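Number of protein chains: 2
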Amino acid sequence: MRKIFMAAAVLALGTGLAFSRSERPAPAPNGIELPADFADWRLISISARSDNDTMRAILGNKAAIKAAREGRIKPWPDGTVLAKVAWKRKTHEAWPAASVPGDFVQVEFMVKDSRKYAETGGWGFARWVGGALKPYGKDPGFVRECFACHTPVKDSDYVFTRPVFMPAAR
Amino acid sequence: MRKIFMAAAVLALGTGLAFSRSERPAPAPNGIELPADFADWRLISISARSDNDTMRAILGNKAAIKAAREGRIKPWPDGTVLAKVAWKRKTHEAWPAASVPGDFVQVEFMVKDSRKYAETGGWGFARWVGGALKPYGKDPGFVRECFACHTPVKDSDYVFTRPVFMPAAR
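Those sequence lines, one after another, are chains E and P.
Going by our numbering, the final residue of the first sequence carries number 301, and the count climbs one at a time with no gaps.
Going by our numbering, the final residue of the second sequence carries number 301, and the count climbs one at a time with no gaps.
Treat the hints with care, since some could be wrong.
Identical copies go unnamed one by one, so any copy, or any two together, can satisfy a pair.
[Said to hold, decoys possible] When the alpha-carbon atoms are kept at most 25 Å apart in a straight line, the in silico PhoX-like pairs for lysine-lysine are as follows:
| id | residue 1 | residue 2 |
| --- | --- | --- |
| 1 | Lys269 | Lys205 |
| 2 | Lys269 | Lys221 |
| 3 | Lys219 | Lys265 |
| 4 | Lys221 | Lys247 |
| 5 | Lys205 | Lys221 |
| 6 | Lys221 | Lys285 |
| 7 | Lys269 | Lys247 |
| 8 | Lys285 | Lys265 |
| 9 | Lys269 | Lys193 |
| 10 | Lys193 | Lys285 |
| 11 | Lys247 | Lys197 |
| 12 | Lys265 | Lys205 |
| 13 | Lys247 | Lys219 |
Hints listed in this document are in silico derivations from the structure and should not be mistaken for laboratory results.
Keep in mind the model is a prediction, meaning the values are calculated, not measured.
Next comes chain E alone, as it looks inside the complex (with noise of 0.2 Å):
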């Protein structure tokens, strides 16, 4: 546990961040948990925005990577969890002409249970901002903001990403 610990302090240290795993983050005001072992899960895509010049990885659940290789996307299964990750852009010291990342910036994500959150295309949604991990939102009505963003991607299941082709995939 003490190495545990340390290491976090390691890696907080390295990049400026505070985060201590006794520090359990609130849940989003609409009552979705943080998932604790989003760090652990396979990979689905990647993506840059030039517009707020982050990076992002997006990772999946165990259902989510199963929907994703088998091609059950449109839509995605009931179980599903899909987990965005937000740093800020930098220029890798050594190559100018690579970006990587940099701060963190949030993680958010999509949770599918199509009658749980039947009112917003069977997707809840949730993100936790900085190092600290605050939840965002006042208060539940926040999925209104996240629902209008997705819904120019109705078809295909109001998600932004495509899973990536990965050779040798199972």
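Chain P: place on chain E using the hints.
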């Protein structure tokens, strides 16, 4: 097995690449075999290069993830394997300011064994190119090219990638 094959076919269809589980890629000219499970490895970092218009995900085997989270990366321990998966950059059709992965380009590996690969900084290098995963290099001397490119980052154990900060990573 049939299900797995079909999943691969669906993914291949989706990206215009042909790859099936029955074709085992040839080893690299230095004898390194493609790690069969690399698509299941966890995230170390991501990057984007404007000089060749690619986007990359850097994944790590268990030893690499453990080392990254404990801050033991100068040097990375023996047993570390890093995978860099590269795709051509394309613009997201529904979000013009977003870049996302397009066609698969290649997957590259760095394998740490300080004795076996003592002549190249303790790292074995390997690359498989395109959907057919063709090994890169005509003979074992191909590693000179890899090592020359990585020599400027000798101070970070010849590795360009810095592990990203992932809140709650254990």
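Check your understanding: Hint numbers the structure violates, sorted upward?
Key -> 1, 2, 4, 8, 9, 12, 13
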